[in-house]
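Residue numbers (this note's numbering), protein chains in the order written: chain A, 1 to 334; chain B, 335 to 668; chain C, 669 to 1044; chain D, 1045 to 1420.
Please keep in mind that the hints were generated in silico from the structure rather than gathered at the bench.
Glycine included, each C-beta is placed from N, C-alpha and C at the ideal position.
Heads up, a few of these hints could be off.
What the hints assert, rightly or not - Chain B side only, calculated, beta carbon under 10 Å to chain C, not exhaustive:
1. 368
2. 376
3. 425
4. 466
5. 555
6. 605
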Amino acid sequence: MTTVAVKPATMAQALTRAMRDAMADDPSVHVMGEDVGTLGGVFRVTDGLAKEFGEDRCTDTPLAEAGILGTAVGMAMYGLRPVVEMQFDAFAYPAFEQLISHVAKMRNRTRGAMPLPLTIRVPYGGGIGGVEHHSDSSEAYYMATPGLHVVTPATVADAYGLLRASIASDDPVVFLEPKRLYWSKDSWNPEEPQSVEPIGRAVVRRSGRSATLITYGPSVPVCLEAAEAAREEGWDLEVVDLRSLVPFDDDTVCASVRRTGRAVVVHESGGFGGPGGEIAARVTERCFHHLEAPVLRVAGFDIPYPPPMLERHHLPGVDRILDAVGRLQWEAES
Amino acid sequence: MTTVAVKPATMAQALTRAMRDAMADDPSVHVMGEDVGTLGGVFRVTDGLAKEFGEDRCTDTPLAEAGILGTAVGMAMYGLRPVVEMQFDAFAYPAFEQLISHVAKMRNRTRGAMPLPLTIRVPYGGGIGGVEHHSDSSEAYYMATPGLHVVTPATVADAYGLLRASIASDDPVVFLEPKRLYWSKDSWNPEEPQSVEPIGRAVVRRSGRSATLITYGPSVPVCLEAAEAAREEGWDLEVVDLRSLVPFDDDTVCASVRRTGRAVVVHESGGFGGPGGEIAARVTERCFHHLEAPVLRVAGFDIPYPPPMLERHHLPGVDRILDAVGRLQWEAES
Amino acid sequence: MTVMEQRGAYRPSPPPAWQPRTDPAPLLPDAEPYRVLGTEAADRVDPGLLRRLYAELVRGRRYNTQATALTKQGRLAVYPSSTGQEACEVAAALALEERDWLFPSYRDTLAAVARGVDPVQALTLLRGDWHTGYDPREHRVAPLSTPLATQLPHAVGLAHAARLKGDDVVALALVGDGGTSEGDFHEALNFAAVWQAPVVFLVQNNGFAISVPLAKQTAAPSLAHKAVGYGIPGRLVDGNDAAAVHEVLSDAVRHARAGGGPTLIEAVTYRIDAHTNADDATRYRGDSEVETWRGHDPITLLEHELTERGLLDEAGKQAARDAAEAMAADLRDRMNQDPQLDPRDLFAHVYAEPTPQLREQQAQLQAELDAEGDLG
Amino acid sequence: MTVMEQRGAYRPSPPPAWQPRTDPAPLLPDAEPYRVLGTEAADRVDPGLLRRLYAELVRGRRYNTQATALTKQGRLAVYPSSTGQEACEVAAALALEERDWLFPSYRDTLAAVARGVDPVQALTLLRGDWHTGYDPREHRVAPLSTPLATQLPHAVGLAHAARLKGDDVVALALVGDGGTSEGDFHEALNFAAVWQAPVVFLVQNNGFAISVPLAKQTAAPSLAHKAVGYGIPGRLVDGNDAAAVHEVLSDAVRHARAGGGPTLIEAVTYRIDAHTNADDATRYRGDSEVETWRGHDPITLLEHELTERGLLDEAGKQAARDAAEAMAADLRDRMNQDPQLDPRDLFAHVYAEPTPQLREQQAQLQAELDAEGDLG
Ligand SMILES: Cc1ncc(C[n+]2csc(CCOP(=O)(O)OP(=O)(O)O)c2C)c(N)n1
Ligand SMILES: Cc1ncc(C[n+]2csc(CCOP(=O)(O)OP(=O)(O)O)c2C)c(N)n1
Ligand SMILES: [Mg+2]
Ligand SMILES: [Mg+2]
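Construct the entire structure; sequences and hints are all you get.
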């Protein structure tokens, strides 16, 4: 009997591997963006792709995000599968017209004749000490745009599986990569055949009976930590990782909330007009009579992302989550 | 005793008048945008301003929305009060980077040293038979951007008052003009001194005891109509017109919902990730124990805005609102 | 000892990295718009082509008048007419090979029609029917683009993709003078130039962006001069001279196909009608300007040429008119039938597979429709 | 009878509306970057200015090395160095009058410092402290702009506003070679030209946008050639020649102030350091290229000039170095103190008045801080 040495891999490595494998499997997959070629991206997520597949398959573009996405639309119209990297969340904004008015609408506009199999990778969120414009959580914009899938991994394995599924999707996918998890590690073996998660399924990361934490992306590890800490308080928290904001997995989320009767939505994005409102509202619509307390939200404040030295006050942490759990009207139960 | 002949005015006329009066009162107010000068705007909302104040005060810009908003930022930095017109909702998207990364953040970035007193007028919403890109409801994007005020009138008088207040505000205001109400009329006398509504106060447009319809902009008249129709079903509906999405008037909304115990949020914007989620979630957080039923939402479908010939199926109408009211678990009460 | 000799140690030399990357001179457009009709160059043009252009112009004009008439009858929601610009529209279609792609803007339904798209399908959007009425792959005509200039990067990407795949396909993208002010115009030209993509940009400078005249849009010597800033050739052409537009476009297409990269072409023309039927052009321009341009009508210019060279007689004119009338009659008839839209289409094509949420919404609408049906 | 005579009826004439709006020739940049140092033009430069530039360059270089050192000590979160580009940074500051405005990009803290902003305040952003450390109105320096090219329309708007108010204020906007690819660059130049706004655009072409070399950024003959597409003059200058940059900038500023409109200037320079301290430049460029450019160092070039003209001796050099060291020591000392941030600032400046929602959130944070305090 031999022990297989499973080297831990980082999320960044899993993402690289997903693109590499997709490019090897399908010659129509093209990676493009600022600094993705020679440099391998500012986060090195495209490292080695230009070398292995050539600059025509992994291309350093001119510095213009609308141009990057707009030309990718044209490439997809001709049958390619572009994988676009936006260098940082806030630098995707110049491409919003292309995104909203074309990427999201082309299939619908042409009654299905012209689908756009496009993946738009956006490193997002804070917690890395980034200066202004380098830590935005922009998922609310994408969620509010019908025609886009919005996917975000929280584990190394999901990073691989969900990115493969996104590239394979015949629809445009905004693939949100939690920056501060790029260097998170897991015992994930890139040489093993990898199961590819379908898009649209949430997963219960931790089972519990007292209340459900509904979360995604960078906040998943924080919620797991909070769930551990909550044991001391006598709460057994369930943690649901959404993985995909669009489509939304009502079934998994509502099954959990019906079981626990209480829920807190946790995300970094600003609370007002952020994803949590949608999530809380739809859970309430569907599980009202199972709820012992209103679905609460723990989110970033409704402010521009703060400078590094203040970001710890902004980011939802364990204490703030536990505080919200504490406000779930436990007395009402007894 | 003489009777004053009060000529009915349209919302478009009230908006024109608001800009005219603001320009007359304050030489730093400048109107700019595509076709706003000689033509008076494609909806004629800036009609006569270039003639009265000159082309330097009401300026036809080159055709570039990011440029319009970006130069307006610079003008505001020098102490002017630009009032920018975006020709249609979907044509504001090219300006999103300027909006999100500068307009919304400049005051905060400079710790208050560099406020941007800017008004961005955006004709929005459907129901006018407009072809693609001419009927988007884009308020979710603006709401999710801290640093912006988001205001939308539903009556002729509010159109005047809220636009005056927006132009007078020292903060950037996205002023959403419901296109299909441009030609709505009311007995509003432009020659009378007009009261100017402060930004941030919702108003109860119709009192009722059975349930609250929470709405804004183009859906206000629809909700009032629904409330009339509901009387036949024995429901006495209260209608709250939010007027300002940011800041949000929790007090007025929650007072109403606490009174009625039931609520439906109504808007044209797509439901998923739209304003209704936020509104339903915050009402539920604040009024949970007063609620007889979950706060429901009646919204546009989660689809790209449909072509004119299908838009009636998309837009929330009286029947769909009454249907939602009917699902507010009335049996539970008895 | 001269000053220069004293300065041996730091004799001026260009900064190490600097060298002109392209010679700008050949990129600059001619000082005057290029013209063929009425010049000796016309003699070199194939008479068959001239006759073909003529037939298409006559048909195109009739198409414009018919579509405008349809707005008055409530059969079209809105129509942005290309009356006066038919030479550009028609030449754009004819300069391309079948395998090439056309990227029209919202005003360019005529170019799509001239390329083979069924006029009813080309007008589907403007009728208030579905957003795009034709399958873009059938005639390789991208959907009409309403957000100005956004179609330009699409054309670049498609052309680039074709080249990467080894196909000798050229993309031709149309945009207006107003559209050149948008950032997307700039980004598209730059990407095209850097990638040496086989794409041709045709700017129809018709003098106005709705009410805004060119002088408020740009201070450039000409729009074609923008080319030099991207390192690609700029051409200036009389947009009402069908033979000239066709020649300049064909040259650019050939150049692109041969791997020579993109070209920017400015066609100087004029929008004879208002911006759309909903617009009131008298608010921003005088009749005399319109009249002057009527004297430079693309059909008249070509008719003169053909007539004087004995290539067109009354019978020929009549044949062209008859063909145009037949097209118009057919268009009128078919546009007078109410389109049948299926509300279920609202949900069918948002994604390859409707999401669970869309299925719920579709069921809701279906229930409403059923209820209506029960009542009706 | 000649062909032309036969064609009397339609003798070619330009389309009615067309006339070149500007003569392109004077807008085109010189073929070679303009240089002063080491040429006879240097003799015309005021020795006082040369000495002033020299002192600023030496101080600027020291500022760059000090800031880079501070990143290694964890005192700066990130530093995008302008080592090698000091001539541009310094000349940009010196070419302006006090009432003028400077619009720096994220790399241009040195220009802000040279204009009078306290170095500690200029570095506040990069320290991880508040986003902008200085009051923009104090020295008329806009906040450092990170989203590339977005500051350019701001500069245009400000310059335009000043002109409308009757103030003879000029705005100078800085941008990189990479930033010229953004749509905002295009839109800003076009607005500036149409409005004839008193604004000057200085592109520091330092060869790279992070890892992407200029050849992948543009195919233009030079970036200065982009000017002609907007109808404004383009100037090309050796960006390491402080006297040349200063002269070209001063000319453009004067021209703008006199109502002559905007100018686009490309300064050819080189980024000697990596993109930022976090970047590994060996991944995309070789040492030899860097070495070549070190031979064209802006300080050395100016030092030669001054020395050979007898305007600088060892004592003068030492004085410049001493002043630079004093600045660096002060910077180091003050950067070694931990900045005191108030978490309440998170809510104080989002709006003129915090919304009710922000007040609630502030109270929540305050309660948390109080609880922490209780524990601590
Ligand atoms: C991004 C964007 N902004 C604004 C509009 C509204 N709009 C439609 S047509 C038009 C003028 C277009 O002028 P031009 O590009 O010269 O084309 P033309 O109408 O003359 O064919 C405008 C402003 C739009 N369609 N897209
Ligand atoms: C809109 C936008 N996109 C991307 C970035 C990320 N980014 C920061 S610096 C840089 C390269 C800038 O190159 P250049 O304009 O030449 O300026 P330089 O760094 O050489 O001074 C990039 C891509 C950004 N800051 N803004
Ligand atoms: Mg035009
Ligand atoms: Mg650079």
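*Go through the hint on residue 376 of chain B and say holds or violated, using the shortest Cβ distance to chain C against 10 Å.*
holds (7 Å)
*Agreement of hint residue 466 of chain B with chain C interface, Cβ distance less than 10 Å*: holds (5 Å)
*asked:* Does residue 425 of chain B hold up as a contact with chain C if the rule is Cβ-Cβ below 10 Å?
replied: holds (7 Å)
*Would the hint on residue 368 of chain B stand, with a C-beta cut-off of 10 Å toward chain C?*
Status holds, d = 7 Å.
*asked:* Holds or violated: the hint that residue 555 of chain B contacts chain C, with Cβ atoms closer than 10 Å.
replied: violated (21 Å)
*For the hint on residue 605 of chain B, just tell me whether its beta-carbon gets within less than 10 Å of chain C.*
holds (8 Å)
Comparing the model with each numbered hint stated earlier shows that hint 5 is the single one that does not hold.
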